[in-house]
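Here the protein sequences come in this chain order: A, B and C.
Our numbering puts the first residue of the first sequence at 1, with every later residue one more than the last.
Our numbering puts the first residue of the second sequence at 1001, with every later residue one more than the last.
Our numbering puts the first residue of the third sequence at 2001, with every later residue one more than the last.
It should be emphasised that the hints constitute simulated quantities derived from the structure, not laboratory data.
Wrong hints could be hidden among the right ones.
On the chain C side, residues computed to face chain A include the following (Cβ under 8 Å) [stated by the list, open to error]:
1) Phe2046
2) Phe2048
3) Glu2050
4) Phe2142
5) Asn2157
6) Pro2161
With a cut-off of at most 35 Å between alpha-carbon atoms, the simulated DSBU-like pairs for lysine-lysine come out as follows [unchecked claim]:
7) C/Lys2032 to A/Lys115
8) C/Lys2036 to B/Lys1021
9) A/Lys117 to B/Lys1111
10) B/Lys1019 to A/Lys80
11) C/Lys2223 to C/Lys2191
12) C/Lys2051 to C/Lys2071
13) B/Lys1021 to C/Lys2298
14) C/Lys2294 to C/Lys2223
15) B/Lys1019 to C/Lys2036
16) C/Lys2012 to C/Lys2250
17) B/Lys1003 to C/Lys2250
18) C/Lys2032 to B/Lys1019
19) B/Lys1086 to C/Lys2247
These numbers come from a predicted model, not from an experiment.
We treat Cβ as the ideally placed atom computed from N, Cα and C, and that holds for glycine.
Listed below are the residues making up each chain.
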Amino acid sequence: MDYLMAFLIGGLICAIGQVLMDFTPLAPAHVLVLFVTLGVILSALGLYQPLVDLAGAGATVPLPGFGHTLARGVIEEVNKYGLLGILTGGLRSAAAGITAAIVFGYAMALIFNPKPK
Amino acid sequence: MSKITQEQQDYQQFVNRIKPKPPYLRNIIMAFLVGGIICTIGQAILNFYVSLGLEKTKEASAATAVTLVFLGSLLTGLGIYDQIGKRAGAGSIIPITGFANSIVAPAMEYKSEGYVFGVGAKMFVVAGPVLVYGITTSALVGLIYYLLKF
Amino acid sequence: MALKKIGSQTVKFENPPSIISTASIVGPVEGKGPLKDYFDLILNDFHFQEKTWEKAEKKMLKEAVEMAIKKSGIPSEEIEYFIAGDLLNQIIAASYAARELGIPFYGIYGACSTIAEGLGLGAMLVDGGYADNLVVGSSSHFCSAERQYRFPLELGNQRPPTAQRTVTGAGAAVISTKNRNPRITYVTTGKVIDMGAADPYDMGSAMAPAAVDTIIKHLEDSKRSPEDYDLILTGDLASLGKDIAEKLLKQNGFDVSNRYTDCGLLIYSPQQDVHAGGSGCACAAVVTFGYIFKEMQKGRYNRILLVATGALLSSTSVQQGETIPCIAHAVAIENL
Chain A
1 MDYLMAFLIG GLICAIGQVL MDFTPLAPAH VLVLFVTLGV ILSALGLYQP
51 LVDLAGAGAT VPLPGFGHTL ARGVIEEVNK YGLLGILTGG LRSAAAGITA
101 AIVFGYAMAL IFNPKPK
Chain B
1001 MSKITQEQQD YQQFVNRIKP KPPYLRNIIM AFLVGGIICT IGQAILNFYV
1051 SLGLEKTKEA SAATAVTLVF LGSLLTGLGI YDQIGKRAGA GSIIPITGFA
1101 NSIVAPAMEY KSEGYVFGVG AKMFVVAGPV LVYGITTSAL VGLIYYLLKF
Chain C
2001 MALKKIGSQT VKFENPPSII STASIVGPVE GKGPLKDYFD LILNDFHFQE
2051 KTWEKAEKKM LKEAVEMAIK KSGIPSEEIE YFIAGDLLNQ IIAASYAARE
2101 LGIPFYGIYG ACSTIAEGLG LGAMLVDGGY ADNLVVGSSS HFCSAERQYR
2151 FPLELGNQRP PTAQRTVTGA GAAVISTKNR NPRITYVTTG KVIDMGAADP
2201 YDMGSAMAPA AVDTIIKHLE DSKRSPEDYD LILTGDLASL GKDIAEKLLK
2251 QNGFDVSNRY TDCGLLIYSP QQDVHAGGSG CACAAVVTFG YIFKEMQKGR
2301 YNRILLVATG ALLSSTSVQQ GETIPCIAHA VAIENL
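So that you can see chain A by itself, here it is in the shape it has in the complex (with noise of 0.2 Å):
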């Protein structure tokens, strides 16, 4: 069940954004932005959440899902050391994705090549 809800709702929340990317004059890094942005926004209203707890690595591995991570730390850094947790929740909480996206260009940059097709 926990598989099927993933595809679906990991399904849809791509297929909205091949909407958004084909039918307005939005390019992928617009889309790609306002996706984080409304993770984000949408996390910090609850609205999230909810979404997370239905489907799964449906909601958390596309984008807005990243967002929901960025709000989530932020909350809960501010809960635990107020003021200065608003500029160490957000990427204490996604700094592993972030470092190993780091971590993995830089060696995949060292080992392969760009090929033409």
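For chain A, the structure is supplied; the task is to place chains B and C on it using the hints.
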């Protein structure tokens, strides 16, 4: 921007009438399927880490993110991710594997300009805006939350 | 009063300079296309034994020029000018090729119209009495153009059906006072035309009005009709742009349908995954210097009008919301 004249406007309308359209339905179906499959794989990885005893919302989901980023990076390095993206569009751009692809692709591409000015400087040329807007919005959210709470 | 100028934008040569030799080099994808037998050299890979795409592009241009000079039979020290351009910032492929060729160099930029710009200026220098022999060339490379104008190769993005593939290749031709066919008889210099197109993934519809404007000016100035040409050949309008150009010409009373084609459509077959067709500086160059030149030598075509088209945008102008300024230059090439 210079002002668009009536003649330019008419021409653009004419072009839009005869311009071949992207295969909308196929694109949406492909985005749905591929996006769904990537998320299902993510769910399997998440369940696996939970079964290893990792705490679900933080530890296991961070480990899942790292694993997916690794897979996205590897497929980019092998020259496979852009082939998926050509067909799947948003289906492979929106998941976190697409975030990894958007970092690894420029890192590889700009290696020819060196490891500092190329790889180092250009790595976030595509993914940068996502971090800037995501993190800035999160700080704003934090500030508002702080003001409401205290 | 300029003696060789006719009408508003056209030059008619007194002693039409001849194109005495040409050379064309293409990449692996073009080498699988329908014109593969016309090219002098087909590369097996995109690197051409160089470390970067830019260096590979420079090497293609340099070798095409050397090949054209060799075929001309003229000793290279008698080649008086090298006129060339490409798509890269500061036209580095042409400049670095010139560094190695050691021929006095004019670097020009007309985006994908560069080869017609070069042929026009070169023919004017020769007929003007400023040179007996010179060489023109231009190049483009799929990978170097992608990274400059669009995205890294490995980025998983999707292209719309109007997108075009930049031709990997280089073409060069030696223009001379020697008495040989084919010859350059007329040159019509285009104006920059901007019809408000802003989509960098649709160059064809942006450039079509520029091609139409130049074709009409050429026909008016030279008092010719489309029927005077065996073939009218636009540079890289590809499928959508060609349709639009044909429609616009018809609206203006010129029916070109049975004698009009586009280099961007000729170079690839529809089975190749290239969306609307080919583009890039090399597109018009390799098609004209490979296919057209050889067919003119055989006598299949005796009078052609090359109308190479260029979109004069940059990634900065696109990001600043500017529309796309376009140009087309026409060069009439004939067996006299």
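(Q) So, as I understand it, the hint says C/Phe2046 touches chain A; can you test that by seeing if any CB pair is closer than 8 Å? (A) holds, 5 Å
(Q) Please verify whether C/Lys2032 and A/Lys115 have alpha carbons no more than 35 Å apart. (A) holds, 18 Å
Q. Should the interface hint for C/Phe2048 be scored as holding, given a Cβ-Cβ cut-off of 8 Å against chain A?
A. violated, 12 Å
Q: Mind checking the alpha carbons of B/Lys1086 and C/Lys2247 for me, to see if they're no more than 35 Å apart?
A: holds, 32 Å
Q.
Next item in the hint list is C/Pro2161. Is there a CB on chain A closer than 8 Å to its CB?
A. The hint is violated - C/Pro2161 has no Cβ within 8 Å of chain A, the shortest such distance being about 11 Å.
(Q) B/Lys1003 and C/Lys2250 were given as a pair; does the straight-line alpha-carbon distance stay at or below 35 Å? (A) holds, 28 Å
**Q.** Cut-off 8 Å, beta-carbon criterion: hint that C/Asn2157 touches chain A
**A.** With a closest approach of 6 Å, the C/Asn2157 hint holds.
Q) When the nearest CB of chain A is found for C/Phe2142, is that gap smaller than 8 Å? A) It holds, given that the least Cβ distance between C/Phe2142 and chain A is near 6 Å, below 8 Å.
(Q) Given the hinted pair C/Lys2294 and C/Lys2223, is their Cα-Cα distance within 35 Å? (A) holds, 28 Å
(Q) Against the 35 Å threshold, does the CA-CA distance of A/Lys117 and B/Lys1111 hold or violate the hint? (A) OK: A/Lys117 and B/Lys1111 at ~19 Å, within 35 Å.
Q.
Please verify whether B/Lys1021 and C/Lys2298 have alpha carbons no more than 35 Å apart.
A. Between B/Lys1021 and C/Lys2298 the Cα gap is close to 41 Å, so the pair fails against 35 Å, i.e. violated.
Q: Verify the proposed pairing of B/Lys1019 with A/Lys80, using a straight-line Cα cut of 35 Å.
A: Distance ~56 Å between B/Lys1019 and A/Lys80 Cα, so the pair is violated.
Of the numbered hints given earlier, the model fails hints 2, 3, 6, 10, 13; all others are met.
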